[in-house]
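Undergrad: Next come the chains, spelled out residue by residue.
Number of protein chains: 2
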Amino acid sequence: MALDHGDPGDAPSTPPPLTPIAITTRPSAADEARTIAAATNTATLATLTADGGPWASFVTYGALDGQPVLCVSRLAEHGRNLAADPRASVSIVTPELPSDPLAGARMTLAGIAERPTGAEADAARDAHLAAVPAAKHYIDFSDFTVWVLRVERIRWVGGYGRMDSATAEQYAAAAADPVIPSAARAITHLNDDHADALLDMAKARGGYPDATAAVCERADRYGLDLRVTTPRGIAVTRIGYLAPIDSIGELRSATVELTRVSREG
Amino acid sequence: MALDHGDPGDAPSTPPPLTPIAITTRPSAADEARTIAAATNTATLATLTADGGPWASFVTYGALDGQPVLCVSRLAEHGRNLAADPRASVSIVTPELPSDPLAGARMTLAGIAERPTGAEADAARDAHLAAVPAAKHYIDFSDFTVWVLRVERIRWVGGYGRMDSATAEQYAAAAADPVIPSAARAITHLNDDHADALLDMAKARGGYPDATAAVCERADRYGLDLRVTTPRGIAVTRIGYLAPIDSIGELRSATVELTRVSREG
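Chains as they are written, first to last, in numbering that gives the first Met the number 0: chain A, 0 to 264; chain B, 0 to 264.
None of these hints come from the bench; they were simulated from the model. Values in this document were obtained by computation on a predicted structure and should not be read as measured data. A few of these clues could be false.
Restraint-style ranges between C-beta atoms, simulated for each label pair [to be verified]:
# : chain 1 : residue 1 : chain 2 : residue 2 : range
1 : A       : Asp121    : B       : Gly248    : 51 to 59 Å
2 : B       : Glu95     : A       : His193    : 32 to 40 Å
3 : B       : Gly248    : A       : Arg114    : 47 to 55 Å
Just so you know, even glycine gets a beta-carbon here, dropped at the ideal spot from N, CA and C.
Sequences and hints are given; from them, build the entire structure.
TA: Shown next as structure tokens:
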């Protein structure tokens with residue numbers, strides 16, 4: 000039995016689908032984590048103080064194959080902490096949080112911080128500078144050290160009830176989603192001008208033949224997340240494209256195709 | 000000798016003031032930390048995993064006399080961590096970071112998380128709900144616990160070269176600045192319409208009689224931070240009001256007064 004929140008008795012219930020969902024493919028937890036890592040350049044680092052206590056501090060980072068590249072001063076507490084014990088964790092929050100912060104996506108990467116050497120040192124320095132241009136003013140100061148977090152454990156939380164873990168191997172093999180960061184305008188367009196098509200998708204392919212409205216909440220390389228209204232309540236469902244896409248430019252033809260097959264019945 | 004960054008040789012130098020600065024009063028590190036704590040409702044929590052490693056995770060919080068009030072599920076890793084070892088730290092970043100993230104203000108609070116009891120439990124619950132309205136949907140779920148972080152150590156970083164520590168006593172006795180969060184429009188007005196007055200302040204009271212331009216970067220209850228341009232380079236200086244103010248509504252008369260005394264010579 001899966002653990003679930005203890006229900007105080009008044010939690011809204013979600014209506015289940017009435018028919019099979021055609022294509023449920025979606026980014027893996029590792030893909031989601033890589034997407035968040037690629038979306039910003041600020042994080043919070045957790046390190047261990049001299050007495051083994053946890054220490055949270057704000058940092059900037061670049062990413063080298065998804066692994067955070069930090070540039071911290073040994074004069075700062077987190078720099079001293081890493082030098083004494085390289086165990087570290089970073090929490091990264093997706094930019095543009097919704098008004099309910101816990102509905103937003105975030106993740107934790109945990110592992111060991113190492114000073115890169117040789118060619119990796121150059122690549123790590125470049126990755127940090129590419130993400131944090133202002134670092135050019137201090138990255139060569141003698142008290143600053145570049146660290147690569149060797150990610151061993153990944154915990155992704157996509158919002159309420161959407162969370163999963165990933166292994167280091169899964170994270171290394173994953174990729175940032177090419178569609179999510181640039182989909183905002185296309186989603187607005189779908190909702191403003193093609194609500195009828197979204198509703199047809201929800202009815203024919205999303206498992207909710209009783210849907211009366213459908214709103215697109217997200218588009219990624221594998222499909223759309225739709226929030227559907229039914230007489231039984233509100234649910235979230237998945238409309239996978241007929242084939243994955245590689246860029247936002249392919250979203251229009253993918254949704255036109257979905258509309259066509261939804262209306263063929 | 001104070002530790003300083005190892006200079007690679009090309010760091011810009013800051014011209015020192017040529018005359019005494021009239022009033023240098025500014026918020027303490029504890030006041031600055033309280034101001035950040037009051038400015039938002041999201042933080043990153045650092046806790047200890049079962050094997051004593053650091054774990055960074057996104058949380059929401061309210062504040063009870065500046066002490067973060069968390070509401071976390073024991074089903075989440077950070078909830079399990081706190082239950083096993085209550086040592087904790089939170090990092091809070093001021094909203095609206097500048098384009099160079101490390102120029103922004105942030106702080107770390109470290110201490111021990113405790114479950115409040117009695118009247119404090121009610122006050123903590125209310126403080127969390129006031130800051131995080133969505134928590135009403137889950138705060139009474141049986142797996143959620145309200146924790147108050149008993150703050151023992153404070154580290155504030157206001158930006159490059161502006162940082163200080165504070166004790167628990169200083170933090171408890173401090174107060175959030177009533178002017179900083181609402182000063183943006185007034186600062187724009189000062190810079191757009193009263194650049195001559197700011198320049199006169201910088202010359203007469205800010206220590207830079209050779210200033211050729213002055214831009215207000217911040218206003219707080221004790222005064223203004225000005226960035227001054229001189230033939231010797233760019234510096235930041237302080238223009239304290241003749242008396243502290245308690246609200247943004249008093250800023251106009253305080254700056255009119257500063258302009259008058261600056262021009263009296």
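Undergrad: Honestly, which of those hints from before does the structure not fit?
TA: none
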